[in-house]
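Participant: Here's the letter readout for the chains.
Protein chains: 2
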Amino acid sequence: MLTGGPDAAMCPARGVLEHVTSRWGVLVLGVLLRGTHRFSEVRRAIGGVSEKMLAQTLQTLERDGFVRREAHPVIPPHVDYSLTGLGEEAARRVWALAQWTDEKIPEVMAAREAYDAAKSARA
Amino acid sequence: MLTGGPDAAMCPARGVLEHVTSRWGVLVLGVLLRGTHRFSEVRRAIGGVSEKMLAQTLQTLERDGFVRREAHPVIPPHVDYSLTGLGEEAARRVWALAQWTDEKIPEVMAAREAYDAAKSARA
Numbered sequence: 024m025l026t027g028g029p030d031a032a033m034c035p036a037r038g039v040l041e042h043v044t045s046r047w048g049v050l051v052l053g054v055l056l057r058g059t060h061r062f063s064e065v066r067r068a069i070g071g072v073s074e075k076m077l078a079q080t081l082q083t084l085e086r087d088g089f090v091r092r093e094a095h096p097v098i099p100p101h102v103d104y105s106l107t108g109l110g111e112e113a114a115r116r117v118w119a120l121a122q123w124t125d126e127k128i129p130e131v132m133a134a135r136e137a138y139d140a141a142k143s144a145r146a
Numbered sequence: 024m025l026t027g028g029p030d031a032a033m034c035p036a037r038g039v040l041e042h043v044t045s046r047w048g049v050l051v052l053g054v055l056l057r058g059t060h061r062f063s064e065v066r067r068a069i070g071g072v073s074e075k076m077l078a079q080t081l082q083t084l085e086r087d088g089f090v091r092r093e094a095h096p097v098i099p100p101h102v103d104y105s106l107t108g109l110g111e112e113a114a115r116r117v118w119a120l121a122q123w124t125d126e127k128i129p130e131v132m133a134a135r136e137a138y139d140a141a142k143s144a145r146a
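Sequence order for the protein chains is A and B.
The first sequence begins at 24 in our numbering and counts up by one.
The second sequence begins at 24 in our numbering and counts up by one.
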C-alpha cells in the first residue's frame, strides 16, 4: 500500500510512479502512444529534451518494462521504440491524468489568484 | 497541449501535475480522500514527513485549489484540511494511478530482472 506506514513514501511503487510522471516520462509515453518511433523522432516530437536526458528516460522506462527497444542492424543502423502492453496501460492512465490537469488549468489559475489576493490582503 | 512544441515541458499543466504526483502530494491527497483531517492527523497518517515538508505540500495544494484550509479560532486553536471538489477529482485520478502502479510492481520487478540479466550477459 502507498499510505499507512513510515516507509510508505519509500515503497517501490513510488519509484515507478516517479518514472511515469516525470517531466520527460509523461511526454515519452505520450509520443509512443501514437506508435513506434525512432530515437530522433521521439526527440523531435517532444522538443527541448537533451539527447542524454531522453536516452536516460527511455532506458528507465525500458528497464521497468514499459518501453520496448528494438535495434535494427541495417546500414545505417537504427533503433525503434514502442510501448509494451504494460507501457500502453501506463501511458493511457498517465496521459488521461495529464490531460485532465491541462483542462483544469483555468480553475487552478483562478484559485491561485484568489489565494494570493487573500494572502496580500492579510499582509 | 502537453506535447508538440519546444515549451511543452514548461507549460502550466506540468507544474500542477508535479504538485499532485509529488512524493508527499500523492499521499496527502490519499489521506484527505478519506475525509477532513487536522494537520497532526495528516502527518500521523502519512508517516515519515517533516512538519515543514507537510506544511509546504498542503500550502501548494491549497493554492492550486485542491485543498481547503479551515482555521478554527477556539482554544486550543486547530486547523482542518479537506479536499475541494476539484481536489477530490484530482485525488481520485492520482490515487487510481498510484494504485495501478502498486498492483503492477511484480511485473515491473520481473522486467527489471530480465533487463539487468540481459545487460550483464552482454557485458
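Keep in mind the hints are simulated off the structure, nothing from the lab.
Cβ coordinates follow ideal geometry from the N, Cα and C atoms, glycine included.
Fair warning: there could be bad hints in the mix.
Said to hold, decoys possible - Listed next, with one range per pair, are the computed distances between beta-carbon atoms: (1) Asp-103(B) / Asp-103(A): 51 to 57 Å; (2) Phe-62(A) / Lys-75(B): 16 to 22 Å; (3) Ala-133(A) / Arg-67(B): 28 to 34 Å; (4) Gly-58(A) / Glu-93(B): 46 to 52 Å.
Participant: Taking the hints in turn, state whether each one holds.
Facilitator: We went through each hint and held it up to the structure:
no.: 1; hint: Asp-103(B) / Asp-103(A): 51 to 57 Å; result: holds (53 Å)
no.: 2; hint: Phe-62(A) / Lys-75(B): 16 to 22 Å; result: violated (41 Å)
no.: 3; hint: Ala-133(A) / Arg-67(B): 28 to 34 Å; result: holds (33 Å)
no.: 4; hint: Gly-58(A) / Glu-93(B): 46 to 52 Å; result: holds (48 Å)
The structure shown violates just one earlier hint, number 2.
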